[in-house]
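From first to last, the protein sequence lines are chains A and B.
Under the numbering used here, the first residue of the first sequence carries the number 1, and numbering increases by one thereafter.
Under the numbering used here, the first residue of the second sequence carries the number 114, and numbering increases by one thereafter.
Simulated from the structure, these hints should not be mistaken for lab results.
Where a beta carbon is used, it is the ideal one built from N, C-alpha and C, also for glycine.
Just so you know, not all the hints are guaranteed correct.
As the list claims (entries may be wrong) - Which chain A residues face chain B? A few, computed with CB under 8 angstroms, are given here:
{"id": "1", "residue": "Lys49"}
{"id": "2", "residue": "Thr93"}
{"id": "3", "residue": "Lys105"}
Here is how the chains run, residue by residue.
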Amino acid sequence: GDSVTQMEGPVTLSEEAFLTINCTYTATGYPSLFWYVQYPGEGLQLLLKATKADDKGSNKGFEATYRKETTSFHLEKGSVQVSDSAVYFCALTRKQAGTALIFGKGTTLSVSS
Amino acid sequence: DSGVTQTPKHLITATGQRVTLRCSPRSGDLSVYWYQQSLDQGLQFLIQYYNGEERAKGNILERFSAQQFPDLHSELNLSSLELGDSALYFCASSAGQNSNQPQHFGDGTRLSIL
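Extracted from the complex, chain B is given alone in its bound form:
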């Protein structure tokens, strides 16, 4: 058990809809990362928050947004969903902002767009 909790485990929805994925980091971790895993793109970094502030952006679409709340949990919002957004979305957390620190991953949310 990594200590990172992601909900829901599975989401099935239709094109054009909006969904929210939730992540609770390990106790004490201030950094939260979101990654997307798909068959064609592999594992790609989307966005990072540190103690409530956005720290880095990767290959995140404009239709996607995220935030980190004062209790450090994070939400990833995906809107105007397209078939190509079907993927496994992982949240990871780490203690701080040191690139040597390992990231601890949740079990992911599998998003299926019909």
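Same shape as in the complex, but just chain A:
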């Protein structure tokens, strides 16, 4: 079945460091891909999305490119801030399988000043 695999955390970085969180997926066809972020005590917020191959989603300095050849959707940010500390979830939906999100296990990011 469809699945999402994220790199294990926690990821610990200093402020202004470069961030990469790896995400790969298994799905037939052409899923839509999402990154959600969860701040402590809050619900998930959509960070960015991409709906077809080679699309780049971007928001708040974060970027991810839909790579069908490597079935990946890695999240990157050039310079992280303390306020970026949160749990990041990669997820997919596949039209033929309904619209429910299938999530990875999440990656905790901790940024120190």
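Use these hints to put chain B onto chain A, whose structure you have.
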């Protein structure tokens, strides 16, 4: 603020009991989803409603049920509760049934079974 409202924020109850979680979707959204977040299982899809009708089921136990009312709010009913049902339950809503549409999440209901 996502516009999705979940009540209550916290619930503490005992094994064998029954609880109801409530969700009000964003204004105009017709789809409502329920997800369970636990340490061992991660985030798992439970069930989806669209405009009052059940649309999809995920890993939802038979002891759990849900419905969506004419005003589009939804309730998730959990019965014969077990210790393993302790989790964070999220509701999300989206405008329709397009898999490209983002889902907007509430802040969740934390259920603790003693």
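Inset, instruction - Report the numbers of all earlier hints that the structure fails to satisfy, in ascending order. - result: none
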